[in-house]
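Trainee: Protein chains in written order, with the numbering used here: chain E, 48 to 676; chain P, 6 to 488.
Think of the hints as simulated: they come from the structure by calculation, not from any bench.
By construction, the Cβ of each residue, glycine as well, lies at the ideal position given by its N, Cα and C atoms.
Hints are supplied without guarantee of correctness; some may be wrong.
If you only want the chain P side, here are some residues facing chain E, beta carbon under 7 Å, derived [stated by the list, open to error]:
id, residue
1, Ala73
2, Ile80
3, Leu188
4, Pro215
5, Ala305
6, Leu396
7, Pro397
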Amino acid sequence: MQEILFLIPALPLMGFLILSLAGRHLSKQVIAVVGAGVVCIAAITTIWLGINFLQTPQENGAYTVTLWRWMNVANFSCSFSLRVDALSLVFLFVITFVGALIHIYSAGFMKQDRDYARFFASMNLFVCAMLILVMADNLVLLYLGWEGVGLCSYLLIGFWYETTANVQAANKAFYITRIGDTAMAIGLFLLFRELGTLDIPAIQNAAPEHFTKSSPLITSIALLLLAGGMGKSAQVPLQTWLPDAMAGPSPVSALIHAATMVTAGVYLVARMHAVFQLSPLAMNITATVGAVTLLIAGCSAMVQTDIKRILAYSTISQVGYMFLALGVGAWSAGVFHFFTHAFFKALLFLAAGAVIESLHHEHGIFKMGGLKNKLPIVFYTFLAGAAALAALPLVTAGFFSKDQILWYAWSANGGSPMLWFVALAGAFITAFYTTRLMLVVFWGDVKTHIGEPPGRLMTWPLIILAVLSIVAGFIEWPHNMLHVTLFSDVVQKVLPAVTEKEGVPSESIFQLIAVVVTLLGIYTGYLLYKKNASIVAKWKLVSALVGLRNFFFSGWRFDQFYHTLFVRPFVFVTSLNKQDVIDKIYAGIVSMFQWLNGIFSVSQNGSMRTYVISVLIGIIFILALQFFL
Amino acid sequence: MILVWLIIVLLSGGMLCWITARWRPMAAKWIALCAVLADLAILLNIWLQYGKGVQAGTGTWMIQYQTAWIPSFGISFHVAIDGLSLILLLLTFFLGTLAVLCSWKEIKSRAGFYYFNLLWTLAGISGVFVALDLFLFYFFWEVMLVPMYLLILIWGDKNRRYAAYKFFIFTQAGGLLMLLSILSLYFIHGAQSGSYSYDYFSLLNTQLEPAAAKWIMMGFMIAFVIKLPMVPFHSWLPDAHSEAPTAGSLILAGLLLKTGAYGIIRFVLPLFHQAAVDIAWWAMLFGVIGIIYGALMAFAQTDIKRLIAYTSVSHMGFVLTGIFAFREIAMQGVVMQIVTHGISTGALFVLAGMIKERLHTRDISQMGGLWTSMPAMGGVAMLFTMASLGLPVLGNFIAEFLILMGTFQANVLLTVLASTGLVFSALYSLRMMQKVFLGPVTSGEKLTDITAREMIILATLSIAIILLGLYPQTVMDVVLSKK
Numbered sequence: 048m049q050e051i052l053f054l055i056p057a058l059p060l061m062g063f064l065i066l067s068l069a070g071r072h073l074s075k076q077v078i079a080v081v082g083a084g085v086v087c088i089a090a091i092t093t094i095w096l097g098i099n100f101l102q103t104p105q106e107n108g109a110y111t112v113t114l115w116r117w118m119n120v121a122n123f124s125c126s127f128s129l130r131v132d133a134l135s136l137v138f139l140f141v142i143t144f145v146g147a148l149i150h151i152y153s154a155g156f157m158k159q160d161r162d163y164a165r166f167f168a169s170m171n172l173f174v175c176a177m178l179i180l181v182m183a184d185n186l187v188l189l190y191l192g193w194e195g196v197g198l199c200s201y202l203l204i205g206f207w208y209e210t211t212a213n214v215q216a217a218n219k220a221f222y223i224t225r226i227g228d229t230a231m232a233i234g235l236f237l238l239f240r241e242l243g244t245l246d247i248p249a250i251q252n253a254a255p256e257h258f259t260k261s262s263p264l265i266t267s268i269a270l271l272l273l274a275g276g277m278g279k280s281a282q283v284p285l286q287t288w289l290p291d292a293m294a295g296p297s298p299v300s301a302l303i304h305a306a307t308m309v310t311a312g313v314y315l316v317a318r319m320h321a322v323f324q325l326s327p328l329a330m331n332i333t334a335t336v337g338a339v340t341l342l343i344a345g346c347s348a349m350v351q352t353d354i355k356r357i358l359a360y361s362t363i364s365q366v367g368y369m370f371l372a373l374g375v376g377a378w379s380a381g382v383f384h385f386f387t388h389a390f391f392k393a394l395l396f397l398a399a400g401a402v403i404e405s406l407h408h409e410h411g412i413f414k415m416g417g418l419k420n421k422l423p424i425v426f427y428t429f430l431a432g433a434a435a436l437a438a439l440p441l442v443t444a445g446f447f448s449k450d451q452i453l454w455y456a457w458s459a460n461g462g463s464p465m466l467w468f469v470a471l472a473g474a475f476i477t478a479f480y481t482t483r484l485m486l487v488v489f490w491g492d493v494k495t496h497i498g499e500p501p502g503r504l505m506t507w508p509l510i511i512l513a514v515l516s517i518v519a520g521f522i523e524w525p526h527n528m529l530h531v532t533l534f535s536d537v538v539q540k541v542l543p544a545v546t547e548k549e550g551v552p553s554e555s556i557f558q559l560i561a562v563v564v565t566l567l568g569i570y571t572g573y574l575l576y577k578k579n580a581s582i583v584a585k586w587k588l589v590s591a592l593v594g595l596r597n598f599f600f601s602g603w604r605f606d607q608f609y610h611t612l613f614v615r616p617f618v619f620v621t622s623l624n625k626q627d628v629i630d631k632i633y634a635g636i637v638s639m640f641q642w643l644n645g646i647f648s649v650s651q652n653g654s655m656r657t658y659v660i661s662v663l664i665g666i667i668f669i670l671a672l673q674f675f676l
Numbered sequence: 006m007i008l009v010w011l012i013i014v015l016l017s018g019g020m021l022c023w024i025t026a027r028w029r030p031m032a033a034k035w036i037a038l039c040a041v042l043a044d045l046a047i048l049l050n051i052w053l054q055y056g057k058g059v060q061a062g063t064g065t066w067m068i069q070y071q072t073a074w075i076p077s078f079g080i081s082f083h084v085a086i087d088g089l090s091l092i093l094l095l096l097t098f099f100l101g102t103l104a105v106l107c108s109w110k111e112i113k114s115r116a117g118f119y120y121f122n123l124l125w126t127l128a129g130i131s132g133v134f135v136a137l138d139l140f141l142f143y144f145f146w147e148v149m150l151v152p153m154y155l156l157i158l159i160w161g162d163k164n165r166r167y168a169a170y171k172f173f174i175f176t177q178a179g180g181l182l183m184l185l186s187i188l189s190l191y192f193i194h195g196a197q198s199g200s201y202s203y204d205y206f207s208l209l210n211t212q213l214e215p216a217a218a219k220w221i222m223m224g225f226m227i228a229f230v231i232k233l234p235m236v237p238f239h240s241w242l243p244d245a246h247s248e249a250p251t252a253g254s255l256i257l258a259g260l261l262l263k264t265g266a267y268g269i270i271r272f273v274l275p276l277f278h279q280a281a282v283d284i285a286w287w288a289m290l291f292g293v294i295g296i297i298y299g300a301l302m303a304f305a306q307t308d309i310k311r312l313i314a315y316t317s318v319s320h321m322g323f324v325l326t327g328i329f330a331f332r333e334i335a336m337q338g339v340v341m342q343i344v345t346h347g348i349s350t351g352a353l354f355v356l357a358g359m360i361k362e363r364l365h366t367r368d369i370s371q372m373g374g375l376w377t378s379m380p381a382m383g384g385v386a387m388l389f390t391m392a393s394l395g396l397p398v399l400g401n402f403i404a405e406f407l408i409l410m411g412t413f414q415a416n417v418l419l420t421v422l423a424s425t426g427l428v429f430s431a432l433y434s435l436r437m438m439q440k441v442f443l444g445p446v447t448s449g450e451k452l453t454d455i456t457a458r459e460m461i462i463l464a465t466l467s468i469a470i471i472l473l474g475l476y477p478q479t480v481m482d483v484v485l486s487k488k
């Protein structure tokens, strides 16, 4: 069984090679069949593999296969080897399955585009890189996938490269994630220096013995790895690239910037849980980063007017929840939220893409409206996604995963009332902005001419994802309601179970509060954007509120801050030294010699008179010396 | 003897080019191509024979040849190759072939003399990589200098005279210091042992006073770091690179710079081990300065060839840092960096040359949106841009990763500083990509995408850089046999 492991990343790679080398000579139909086909086959292979894996558990809990030896120098060796355990399997499933749906959707969405082949080539390469990332057996191979997804993200954000702003957004994404990547690379060097290996299972085994708990060393390793994760997963303070990344086509946003790549950081932290567990400080920082991010991004999402930017900020915020869960030690809850989030956020982005496409590339939500009856399929699927995002109790997947996180934010060992409160505030904010988005886009009057409704290639993926956004949560129920823990049973073969604190009030009270707060958020949205719109109009007259709104709108001014602090000084210094100051030294030496040459050549001017005079002066000088000495 | 033939083929091939071009100007390039291909074939044969076999520790030197040259001064014609030389020779003839191919259309005037210079430069370079007699080494060091000077001076761009002089003076100044050092080593060794010899193995046994060792080593070091180049001795490089014809830039970046690194590994480290250990920290520091300074300079440039030239400064900083970390991992990384930088930067220069042929400018502010009319070239450029910023799968990643991992064990602070090079390399690489291939289309005329000949050049380079990224062990095994 494990021999076919390599097929899963190899299939999309094959698609990439075919499309990038021969894509220009193929018809659009062939391109779509190849591009989407390889991912679909990969998805089927994954499901088959997953069923086998669950039916016949492996001795060491993983399928492994070594393809070839990559490097072997001195005491360092690493191979191209793949490894699939329960954690990787969850990610594999989401990447290939959601990826396949997004590819099918794209076949319809991008059909007018000139660079159809380039689009599918990049998407396939992305899927391949992401699969390598989660299947890697050692951290170097993981880093390969890690950088590979960065590249594809760059290629796809800047897909419509003739607009400068898109290219700049792509560059920004690459630069900022690269900062995180570099920190992660240093983390790898440190890990290697200490343990002499970068194989993931070996690290898991050796770390607890080698490092003393909460030593500065292990904390620095964990924090460096975390920095890498924060870059890719757009956590504060490295989050600013994600909203701009919406410059890419909508399927890209769905696949890369919502469902899979931005959760790479979550995967890394979960994968390296043995390291993180040794450093309570790093765990606390992880949780705090998550909490701060979910709040900051949530506030920004409340006031955005571009439909994709709302979803982008909401993604940052939801990934913040995952980091929070990981940080408090609720490993499985964090991964579970990744699982459900992938469905509903991909759905929301795809549905948003369908809306934008039908409205002739209109992004502003206040220019939309009244789409409820005009685009019924999009409306109902979007509704399912939005309900899951808002965590509507019991009927949506988002509720089950987010409820767990809220509960553990207090009750888990690393949790605290403060973290819980922030997460709760986040739940309110999420419910509010989701309601606002729904009401403004789908209710009210039609403001823009509605073009063609999306075709079947686009609606079917929406419907499947909508169903999953509702039912995916049922595999894991809160402990006090129903004893169904299918998800954590699988994942906890790899990840440690959560340890709870003593003397926490009953879980039901927390659930009740969470439900009330969520409903309150929805009601507030309803009140402000449907029932009584005059409140918002009144607020617009208060300058303090407008200032706050602009502050949130600009993403808490992080961009401006970085611009003045880093970008402008950097550009200034480099352009100042464009001519290379060191070269001036050599130029100085040259001019000195030219100057000396000018002086001495006066003595060689060919005039007999000066020669005679200088001879005479010389004689007089020598004679004078004779006299005076 | 086969090693001597390598050089003779190039030297006589060069003469032949010059002579036949008087009657048949078109023949010169074919002769040149045959000459380098013949050498490449010889080397591939050697590689197949010895590439795997030596590992087991049967001996350090795969092939050796020694004959007296000027016996009265103890000068012999002593050449030999080990794994390191073999890899570098392979690189030399690989890039040499491509250099001939990319001059195919570019060089129209005095083609015979051009190919004469090209082949003689290559001969000098391969001589440097095989010479084991210090006098012979110096001889080849000069042989590669003069024809290169002529290549820039005659076939260069507008400001070629300035660039050629600068290149010559910098290199020559270093070369003379090295000659002084060679002579002092020769006399000290002669006085100690009674037999005066320039031979590498004899000189290895020289006992030197620490102070003397330091000064003599500095003579070698300065010659080598000027070639490398190390900041602040780099300023000849941007001028020489940007003014040289495409093949000239390719050879400069791909091979000439590597002779500096080779010199340090082959001569400085074994001959003056203790003195080298003593300056290790400083050398690493200068390497790191080079990484960062080169990257910052590259970011500011608007001339595409100058930009690439400064990226070389940055990348060669890794080499210097890696060598003086004195860790095996880092050293393997250095060899990988030498090879992969030769290929990736060479490819970027080839691309820049192709762009210049089409647009007649090197100014990136006049470019933009070239992807639209030349998607194939854009794709290749993207590949090598990514190689230059160290993306895994491509060879440069292996090199930089191993270097940094090795130096981390030697010095944490300097390694962390060097790692910022990864961020800076992204800054300048993506800026270049954006200005040239992405963004709004600026040029109205229809540009032709790459031709079949260009396709061969670029495809070979692309395959090479990917294979090096996926199977670096092939190279490392050969070099490992050095031990």
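Trainee: Could you run down the list of hints and mark each one as holding or not?
Mentor: Taking the hints in turn, this is what the structure says about them:
With a least beta-carbon distance of about 40 Å to chain E, the hint placing Ala73 (chain P) at the interface is violated under the 7 Å criterion. Checking Ile80 (chain P) against chain E by beta carbon gives a least distance of about 34 Å; that is not within 7 Å, so the hint is violated. Below 7 Å, beta-carbon pairs count as interface contacts, and Leu188 (chain P) has none with chain E, the closest being about 26 Å; its hint is therefore violated. Look at Pro215 (chain P): its Cβ only gets to about 29 Å from chain E, farther than 7 Å, so that hint breaks.
Checking Ala305 (chain P) against chain E: minimum C-beta separation of about 4 Å stays under 7 Å; hint holds. About 5 Å separates the beta-carbon of Leu396 (chain P) from the nearest beta-carbon of chain E, less than 7 Å, and the hint is met. Annotation: interface hint on Pro397 (chain P) holds; nearest CB of chain E at approximately 4 Å, less than 7 Å.
Hint compliance for this structure: hints 1, 2, 3 and 4 are broken, all remaining hints hold.
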